[in-house]
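Trainee: I would like the entire structure built from these sequences, with the hints used as guidance.
Quick note, the sequences are listed as chains A and B, same order. All letters in the first sequence, in the order written, are residues 1 to 330 by my numbering. All letters in the second sequence, in the order written, are residues 1 to 370 by my numbering.
It is possible that some hints are incorrect.
Claimed, not checked - From chain B, some residues computed to sit far from chain A (all C-beta separations above 12 Å):
(1) Ile70
(2) Ser108
(3) Lys137
(4) Glu164
Claimed, not checked - Heads up, incomplete: computed chain B residues facing chain A, CB under 10 Å, no partners named:
(5) Glu9
(6) Ile36
(7) Ala39
(8) Gly207
(9) Leu209
(10) Val210
(11) Thr211
(12) Pro212
It should be emphasised that the hints constitute simulated quantities derived from the structure, not laboratory data. No residue lacks a Cβ here, since even glycine has one placed at the ideal position from N, Cα and C.
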Amino acid sequence: MAIRTERLRKQFGLAAAVEGVTFEVPDGQNFALLGPNGAGKSTLIRLLTTLIAPTSGRAEVAGHDVQRAPDAVRRAIGVIPQAYTSDPGLTAAENLHFYGRLYGMRVARRTAMVDELLATVGLEEFRDKLVGTFSGGMRRRLEIARSLMHEPRILFLDEPTTGLDPVSRLHMWDMIRRLKLRTGVTLFLTTHYMEEADELCDRIAIFDHGKVVAEGTPAQLKARLGATGTIAVEFASPPAGWADVVRRLPGVQAVEAADGRWRIESRDRMETVGALVAQARRSSVPLLSLVAEGRTLEDVFIAFTGRDLRDQAGGKPHMDVRHLYERGHA
Amino acid sequence: MLPVWAIVERDLRKYFRSPALMLSSLVLPLVQLIVIGYAFGGQIKGVAVALVSLDRGPEAVRLRQKFAAIEAGTRTFHVRLEDDMAPALRATRDGVVAATIVIPEDYSRAVARRLQPRLGLVLDNTDPFVVTTLTAKMTELLDAVSAPEVAPRYLQRVALEVVEIFPYVEYVEYLLPGSIALAIFACAVIGGGLIFIDDKARGLHEGYLVTPISKTQFVSGMLLSGTLKAAFAGMVVTVLGSLVAGVADRLTPAALVLVLGFNVVVALSLISLVTLLMVRVNDPVVPRATFALLNTLLFFPSGAMYPVYSFPAWLQAVAAVDPFAYAVHGFRAVLLKDVGVAAIAGDLAFLGAFSAACIGGVLLLFPRRL
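Mentor: This is the structure:
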């Protein structure tokens, strides 16, 4: 087992940032902790990476207790925190060599890893450039290379794409997928982007107010909302009273029509789609387009927390690192 | 040891890549040495004094000739003759002249009859430095005037034979040891405290703390790199400052080795102190705000600018535990007196013990977690 926690709790003053969390992440799995800012994700990742001590409960990472054997944990993990940890006053290669030396790596192995990792993250031609001149995306890529210098078993990524533009985010996802294929490392990432968790992870825990409120594969989580879904459809000149006809079809819960576009909420979207197509043929109402959408992770999140994650995300400037040193943060 | 050297190498790379950082720790002490050294170091000359002679007799004329000799020779005075007391005293009160010397009308007769002749010296005592100089010069002048023309057969009073065992020390030379210590301190604050906290605030420490580096290795790396940078700054100011102060000829190879060793010891003590003060600080504003306060608390009581003997007891107590004081004493011994290690053994012992205490505190307080 890569990670195992048991009633893990972290309290800052009177407030608990992490409240008795228990979960397991098997070796090789991609695990996402999905939650809004302030949910306690970063606190949990800091507990698991030995940066802060738990108030109670226990956590094992790579088979080592984070309290009793923190150095063994540190040797087994790579961490990409929200802040940039590479030194802007050094070049890309010097940063990687520096971290390699902190892990006690000898020069031959270090040099080989630096070359390999810079190629992997596409920074070969920038190896001798000062990191202070890099863009945010380049620095993130260097962070990934830095965290992999000592070939860790488990890689922790704390909101790895926060602050990146959409193109850089897609590149980052692609790179993480390739790294995963190449190294087989266990991934533990926190994010407040639904798509990121959906794209990158095998399993997701929805985390809110310091607790895991739901856990499973993306498909399992969506399935918990049943076969519900939305059907978006356009008809060519529907007759009068067509809305009532549609409303009576199997599974239909609600129908809205505006500007020729119809939106149908269904308890069982596949059954409703079948009935809708058959009815349109019988009534000679041509269908111009039809899209049946299943539930998204966002729907799942709202269902479990009663809140819209999108409203919570995106407000935090990613380079504001003051929170790192303020007790009581999450 | 690999992680320790990694930190040292990284810090030295960053230091030598940043000329602004290097200069900021060197400019202040050198500018201070040049400006203060030459501003405070010279003898007081050309002080305007009013002379009111109410006596036209031969002794009064002789006295005026003595004043004229001083004006032409050492030029301590610039004498302005006044016929009347009132304007002379007004000029003294208004600061136009620093003092009024009054030769009373019966002065020559009193000298001739040996009736304890007196001169008047009315001083603007708001400037104690000028008062001290004028009083000393007047005393010297009157000693010369009062000396018997024929030397007595037996000495009437005890004479003091003054022997100076070292060459005359100008004030700029006197200030040089303090400037070297200040360069080391500035580098310790900028290269140690400021960068340490800036790195922490930028999140760089979060990267180190998830590696297996131990607290001792991390602290050792920081202190070692800080010591090397500060000692380098100290050596640069030692050489440039010696040129400015005109004592570069005293930097023999043996003196350079000794002063380098002492630079390292002073640098270790000051970087240890700064690290201890900043080890729990997270706000980058704090070291910037405390630099001036620390500078005042450490530099001025050290005897770098003025002798510790002149301080009140409480300030002498501060000097007794001020590493700057031992640094200044040691540099003065090495650079101005050209004496060996034995003369600075006490300074080395104090600075060593001080460093050990500070490092102990740093190891105790350094947080291995966030």
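Trainee: Now tell me, hint by hint, if it's right for this structure.
Mentor: How the hints compare with the structure:
no. : hint   : verdict
1   : Ile70  : holds (61 Å)
2   : Ser108 : holds (80 Å)
3   : Lys137 : holds (58 Å)
4   : Glu164 : holds (51 Å)
5   : Glu9   : holds (8 Å)
6   : Ile36  : violated (34 Å)
7   : Ala39  : violated (38 Å)
8   : Gly207 : holds (3 Å)
9   : Leu209 : holds (6 Å)
10  : Val210 : holds (4 Å)
11  : Thr211 : holds (4 Å)
12  : Pro212 : holds (4 Å)
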